[in-house]
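J.: Residues per chain are reported as follows:
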Amino acid sequence: MQKIFIGLLFLWSCMIFGQKCQNSFTGKIIDYHDNSALAGATIILIGSEKALMSDLDGKFSIEGLCDGNYKLQISHPECLTRIVSISVNGDTSKEIYLEHHIVELEKVVIREKAHKNSLESLAESNLSSEEIARHSAGSLGDALKEISGVSALNTGNTISKPIIQGLHGSRILIMNHGVRMESQEWGAEHAPNVDINSANAISVIKGAAALQYGGDAIGGMIKMMPKSIAKTDSLYGKTLFTAATNGRGTSTTTSLTKSYKNGWYATVQGTLKRFGDFETPDYILSNTGFGEKDASIRAGFDTYLHGLEVFYSYYHTELGILSASHLGGIEDQLRALNSDRPLIVRDFTYAIDAPKQEVTHQLAKVSYFKRFKDFGKLSLQYDFQKNHRLEFDRRRNSNENSRAAIDLLLNTHNFSADMKFDNHSSLEGKAGFNARFQENSSDPDTGVKRLIPDYTKTDFGVYAMTSYAFSPNFTIEAGGRYDYSYLNAYKYYQKSLWENRDYDKLFPEFIVEDFETQLLAHPTFTFHAFSGTAGLHYDFSENWELLANYSLASRIPNPSELFSEGLHHSAARIEIGDLRFEKEIANKFSVNLQKKSSKFRFSLNAYVNNIKNFIVLEPVEIQQTIRGSFQVWEYRQTNAQMLGLDFDASLKIMENLRFENRFSIVKGNDRSFDKALINMPPAYLVNGLHYSNEGLGNLEISLESKTVFEQNEYPDNRFTVFVPTTQTTERVDLSTPPAAYHLLNFRIGTDLFKTKDYKTRINLSVQNVLDRSYRDYLNRQRYYADNLGRNFTLQLTFKY
Amino acid sequence: MIDLIKTKPVAMILIFFGAVACTDPEIPEIINQEEVITTILVRLTPENGGETAVLSYRDLDGNGPNAPVLETDQLQANTEYSGEIVLLNETLNPAEIVTEEVAEEGTDHQFFYATTAAMNLQYADADENGNPIGILFNLQTGNPSSGSLTIVLRHEPNKLAEGVQNGEIENAGGETDLSVTFGITVE
Numbered sequence: 000m001q002k003i004f005i006g007l008l009f010l011w012s013c014m015i016f017g018q019k020c021q022n023s024f025t026g027k028i029i030d031y032h033d034n035s036a037l038a039g040a041t042i043i044l045i046g047s048e049k050a051l052m053s054d055l056d057g058k059f060s061i062e063g064l065c066d067g068n069y070k071l072q073i074s075h076p077e078c079l080t081r082i083v084s085i086s087v088n089g090d091t092s093k094e095i096y097l098e099h100h101i102v103e104l105e106k107v108v109i110r111e112k113a114h115k116n117s118l119e120s121l122a123e124s125n126l127s128s129e130e131i132a133r134h135s136a137g138s139l140g141d142a143l144k145e146i147s148g149v150s151a152l153n154t155g156n157t158i159s160k161p162i163i164q165g166l167h168g169s170r171i172l173i174m175n176h177g178v179r180m181e182s183q184e185w186g187a188e189h190a191p192n193v194d195i196n197s198a199n200a201i202s203v204i205k206g207a208a209a210l211q212y213g214g215d216a217i218g219g220m221i222k223m224m225p226k227s228i229a230k231t232d233s234l235y236g237k238t239l240f241t242a243a244t245n246g247r248g249t250s251t252t253t254s255l256t257k258s259y260k261n262g263w264y265a266t267v268q269g270t271l272k273r274f275g276d277f278e279t280p281d282y283i284l285s286n287t288g289f290g291e292k293d294a295s296i297r298a299g300f301d302t303y304l305h306g307l308e309v310f311y312s313y314y315h316t317e318l319g320i321l322s323a324s325h326l327g328g329i330e331d332q333l334r335a336l337n338s339d340r341p342l343i344v345r346d347f348t349y350a351i352d353a354p355k356q357e358v359t360h361q362l363a364k365v366s367y368f369k370r371f372k373d374f375g376k377l378s379l380q381y382d383f384q385k386n387h388r389l390e391f392d393r394r395r396n397s398n399e400n401s402r403a404a405i406d407l408l409l410n411t412h413n414f415s416a417d418m419k420f421d422n423h424s425s426l427e428g429k430a431g432f433n434a435r436f437q438e439n440s441s442d443p444d445t446g447v448k449r450l451i452p453d454y455t456k457t458d459f460g461v462y463a464m465t466s467y468a469f470s471p472n473f474t475i476e477a478g479g480r481y482d483y484s485y486l487n488a489y490k491y492y493q494k495s496l497w498e499n500r501d502y503d504k505l506f507p508e509f510i511v512e513d514f515e516t517q518l519l520a521h522p523t524f525t526f527h528a529f530s531g532t533a534g535l536h537y538d539f540s541e542n543w544e545l546l547a548n549y550s551l552a553s554r555i556p557n558p559s560e561l562f563s564e565g566l567h568h569s570a571a572r573i574e575i576g577d578l579r580f581e582k583e584i585a586n587k588f589s590v591n592l593q594k595k596s597s598k599f600r601f602s603l604n605a606y607v608n609n610i611k612n613f614i615v616l617e618p619v620e621i622q623q624t625i626r627g628s629f630q631v632w633e634y635r636q637t638n639a640q641m642l643g644l645d646f647d648a649s650l651k652i653m654e655n656l657r658f659e660n661r662f663s664i665v666k667g668n669d670r671s672f673d674k675a676l677i678n679m680p681p682a683y684l685v686n687g688l689h690y691s692n693e694g695l696g697n698l699e700i701s702l703e704s705k706t707v708f709e710q711n712e713y714p715d716n717r718f719t720v721f722v723p724t725t726q727t728t729e730r731v732d733l734s735t736p737p738a739a740y741h742l743l744n745f746r747i748g749t750d751l752f753k754t755k756d757y758k759t760r761i762n763l764s765v766q767n768v769l770d771r772s773y774r775d776y777l778n779r780q781r782y783y784a785d786n787l788g789r790n791f792t793l794q795l796t797f798k799y
Numbered sequence: 000m001i002d003l004i005k006t007k008p009v010a011m012i013l014i015f016f017g018a019v020a021c022t023d024p025e026i027p028e029i030i031n032q033e034e035v036i037t038t039i040l041v042r043l044t045p046e047n048g049g050e051t052a053v054l055s056y057r058d059l060d061g062n063g064p065n066a067p068v069l070e071t072d073q074l075q076a077n078t079e080y081s082g083e084i085v086l087l088n089e090t091l092n093p094a095e096i097v098t099e100e101v102a103e104e105g106t107d108h109q110f111f112y113a114t115t116a117a118m119n120l121q122y123a124d125a126d127e128n129g130n131p132i133g134i135l136f137n138l139q140t141g142n143p144s145s146g147s148l149t150i151v152l153r154h155e156p157n158k159l160a161e162g163v164q165n166g167e168i169e170n171a172g173g174e175t176d177l178s179v180t181f182g183i184t185v186e
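Here the protein sequences line up with chains A and B, keeping their order.
Under numbering that gives the first Met the number 0, the residue at position 777 of the first sequence is numbered 776, and the numbers go up by one with no gaps.
Under numbering that gives the first Met the number 0, the residue at position 62 of the second sequence is numbered 61, and the numbers go up by one with no gaps.
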């Protein structure tokens with residue numbers, strides 16, 4: 000609505016020019032959070048036809064102004080639009096701060112909702128494009144660790160799954176360019192299949208309240224957002240080149256955008272990464288290299304009244320899995336545990352051998368929106384995703400290693416329609432529905448029994464949300480969603496397992512055919528799930544805000560929780576799912592208190608998440624097989640509770656120098672058994688000093704210290720096993736978390752060369768400066784190898 | 000506001016989704032696990048004639064919950080046997096003889112034996128580098144006793160490591176493909 004109003008102002012602009020005025024106004028747009036310059040912000044001089052963009056240093060200048068007061072409207076893709084009053088008296092200059100999603104004008108607070116997809120009552124945490132650039136060579140999971148309350152479940156250093164406030168996998172929803180990622184996220188070793196460089200900003204919502212995208216995000220949501228493109232005739236690009244010593248590899252990413260005044264635009268983007276074996280301080284982690292090839296294209300037009308966008312992205316990765324982590328039973332596991340270095344350490348190589356993963360993810364979408372006067376905005380979207388996952392195991396005959404052991408193809412079609420009602424200034428509403436059809440199939444040529452069965456899944460969801468502002472300082476919101484899911488699977492069960500689990504009595508109707516040792520079953524499930532949210536946002540004094548949110552989320556069990564049956568080599572264990580599972584239901588209450596001022600700001604987030612039917616995977620027994628003893632892990636449902644606290648603070652010590660602090664803790668309880676939940680992130684504390692000086696070529700120096708405490712709450716699943724070759728009974732400890740550790744990271748960067756339209760910057764960073772040897776509780780390979788040692792990274796940025 | 004022209008495609012998409020939702024997925028092809036070993040047979044033939052003793056271990060459901068079936072014949076005291084190991088995948092029909100593959104990939108495999116009974120085992124075969132594989136072996140029993148015999152097959156062991164050629168497993172490394180223990184009675 001605001002934009003229409005501004006449009007009308009344009010029409011009046013000719014009336015204002017009468018006097019002869021020659022003053023200039025020079026401004027600089029700065030990110031409120033990290034004081035970085037914001038390039039590409041659109042500045043409109045209200046009441047004139049003047050519209051311009053900030054340059055690479057965030058600067059802009061307006062000529063021909065009279066003495067007096069003016070208003071500027073400043074918008075930037077990552078931030079809320081802001082209207083700033085300026086008073087011009089001769090040539091004037093001013094710094095203007097923009098903030099992610101919450102706008103603060105000098106004394107006047109205007110909350111602009113147009114850019115805010117999500118919520119009033121749940122705080123969003125963001126990674127800016129600078130922070131994303133720092134992790135250009137890495138993964139989404141590692142980049143998100145910069146946000147308090149977010150950790151990562153790692154398998155080695157290349158496979159990293161984000162954990163939000165203790166929850167991961169199917170409990171987290173990842174939105175990539177407005178599309179809900181469907182990429183076999185149930186697997187603990189399945190990293191999100193996204194190129195982090197394709198996003199211009201990433202935000203994390205630590206809760207399930209964003210009902211528009213689904214009601215099952217018990218853990219929260221990650222949104223990867225593209226750059227919004229200004230309506231100007233322009234051609235610009237950015238290239239990032241990163242080289243790192245650890246892994247001895249490089250990453251190059253580049254993007255080029257062409258935009259037109261009439262609203263048409265097109266962007267192409269691509270990334271290439273290649274790394275060899277990574278290293279700990281003491282040894283090479285053999286077979287941990289990876290490669291990535293990504294490309295995306297985005298084109299469309301946006302005229303404010305309507306717009307169309309087409310987006311296609313291709314992602315391909317090849318990931319090596321630490322050779323020493325591939326084990327054939329408990330005896331091998333014992334040998335690996337008792338050795339202080341991995342059992343296989345070879346010379347450095349770029350070659351990637353089995354065990355490894357190769358994943359291709361393609362995503363295509365078409366979206367359209369139209370605004371209706373005095374009514375709202377209708378958005379329609381169709382998207383299609385094709386995920387092809389290959390996993391290669393070491394086979395008995397090594398010539399066969401190039402034959403995949405897992406070959407899964409997941410196709411997902413989705414259609415969604417959303418209507419946003421925003422014609423009323425204090426009441427806003429949103430409603431919509433989506434329909435999704437998914438088909439998972441596998442190639443039988445693997446000669447290995449399917450890890451998850453072939454299935455089709457149909458989902459249908461409807462939601463409605465509304466928010467009402469009682470006053471500019473106080474807003475409440477509420478919403479609800481219903482989801483229907485129908486799962487239709489075909490699975491060959493080992494007959495003995497089917498009977499052992501009493502499925503023959505519980506689900507006789509599923510049996511289609513008997514193949515002596517195997518049974519063909521046809522399980523079908525229908526789920527109805529309700530989710531909802533309610534919350535408030537209160538600005539109770541200048542710079543102080545209180546947010547409170549309650550959300551109810553329901554998640555249906557994923558294919559691996561329902562159907563798993565078999566040996567998992569990289570964990571040396573047998574994993575068994577359960578057809579009887581019901582949906583998980585989470586009730587989460589979170590409170591956020593924050594203060595925002597340029598001198599000191601902080602955010603304190605406390606939450607409690609009670610989850611009924613929470614699905615956990617735990618060891619239950621030892622099974623003798625012809626390969627020796629194996630641990631059997633079974634999925635079970637329990638009542639869980641997560642209690643946690645995230646804290647962020649930033650203090651300006653003096654001009655150019657800031658102190659930053661981050662702390663997170665979460666406690667996970669299995670309430671049915673009164674014990675700790677497995678794999679809960681240990682508490683951590685980050686302290687950093689950041690120096691930045693614009694006068695010295697945007698020099699930035701930062702030193703960060705990260706302490707990860709020992710997780711002292713964990714379920715004790717230690718067990719003993721008899722080893723026949725040595726005739727001894729040995730204790731196997733896969734439970735005790737590793738010790739606390741402390742890391743130092745250092746970063747320095749400066750502009751090398753810059754003109755109005757061209758800028759080069761160099762950044763050098765050192766991770767694990769002290770070259771510490773350490774192991775992390777959330778790394779699944781912690782039993783076999785240390786984490787990474789020191790790493791020097793050199794990054795060159797070109798903006799043009 | 001939203002006229003029929005706009006809602007029609009939406010309705011069509013819903014009908015499409017409704018239609019595909021009701022169709023069953025295709026019945027997938029059955030996969031018989033190829034890499035699995037279900038059975039180990041140890042044939043022990045006395046050098047001086049007499050009945051062949053057989054030790055067998057059969058686990059037809061592989062990683063399934065059913066326990067394996069073990070059968071062992073008694074051995075005679077102070078007798079020299081020539082031994083042969085046969086590995087089978089009996090989930091396939093006809094059964095796959097896995098030992099043939101092990102012999103072909105001999106440089107990448109080695110059997111190890113460990114016993115608590117009064118007997119002694121020696122390798123009686125070699126791979127193309129002249130290192131033992133252990134499919135064939137000689138077994139010399141001592142005085143009457145009882146105990147266990149454990150047979151381990153390692154994939155990609157370091158055959159050149161100390162003691163490995165003599166059948167000592169400690170330094171062998173590699174990955175365990177098979178580990179089976181038989182109860183043995185020597186009379």
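It cannot be assumed that every hint is accurate.
Partner residues are not named here, just some residues of chain B that face chain A (Cβ under 8 Å, in silico) [unchecked claim]: (1) E34; (2) T51; (3) V53; (4) S55; (5) Y56; (6) S145; (7) T149.
Quick look at which bits of chain A chain B covers, simulated, 3 or more residues with Cβ under 8 Å [said to hold, decoys possible]: (8) 180-190; (9) 322-330; (10) 487-498; (11) 512-520.
Listed below are several chain A residues computed to face chain B (Cβ distance under 8 Å; list not exhaustive) [what the hints assert, rightly or not]: (12) G446; (13) R449; (14) L566; (15) A570; (16) I573; (17) I621; (18) R626; (19) G627; (20) I677; (21) N678; (22) S701; (23) K705; (24) F708; (25) Q726; (26) E729.
Source of the hints: derived by calculation from the structure; they are not laboratory data.
All C-beta atoms, glycine included, are put in the ideal place defined by N, C-alpha and C.
J.: Taking the hints in turn, state whether each one holds.
T.: We went through each hint and held it up to the structure:
1. E34: holds, 6 Å
2. T51: Violated - the Cβ of T51(B) stays beyond 8 Å from chain A, reaching only about 22 Å at its closest.
3. V53: With a minimum Cβ separation of about 17 Å from chain A (threshold 8 Å), the hint on V53(B) is violated.
4. S55: violated, 12 Å
5. Y56: At 7 Å from the nearest chain A Cβ, Y56(B) passes the 8 Å test, so the hint holds.
6. S145: violated, 14 Å
7. T149: At about 4 Å, which falls below the 8 Å cut-off, the nearest Cβ of chain A leaves the hint on T149(B) intact, so it holds.
8. 180-190: violated (count 0)
9. 322-330: holds (count 5)
10. 487-498: Our answer is that it holds, as 8 residues pass the Cβ test (under 8 Å) against chain B, meeting three.
11. 512-520: Our answer is that it holds, as 4 residues pass the Cβ test (under 8 Å) against chain B, meeting three.
12. G446: holds, 4 Å
13. R449: Because about 7 Å separates R449(A) from the closest Cβ in chain B, which is inside the 8 Å limit, the hint holds.
14. L566: It holds, given that the least Cβ distance between L566(A) and chain B is near 5 Å, below 8 Å.
15. A570: violated, 13 Å
16. I573: Holds. Min distance 5 Å.
17. I621: violated, 12 Å
18. R626: Hint holds; R626(A) Cβ to chain B Cβ min 6 Å, cut 8 Å.
19. G627: holds, 3 Å
20. I677: violated, 22 Å
21. N678: violated, 24 Å
22. S701: Cβ of S701(A) sits 44 Å from chain B, so the hint is violated.
23. K705: This hint is violated: K705(A) lies away from chain B, its Cβ roughly 35 Å from the closest one there, beyond 8 Å.
24. F708: Hint on F708(A): violated, closest Cβ of chain B at ~35 Å, above 8 Å.
25. Q726: It holds, given that the least Cβ distance between Q726(A) and chain B is near 6 Å, below 8 Å.
26. E729: Not OK, violated: E729(A) not within 8 Å of chain B, min 14 Å.
Hint check: violations occur at hints 2, 3, 4, 6, 8, 15, 17, 20, 21, 22, 23, 24, 26; the rest are consistent with the structure.
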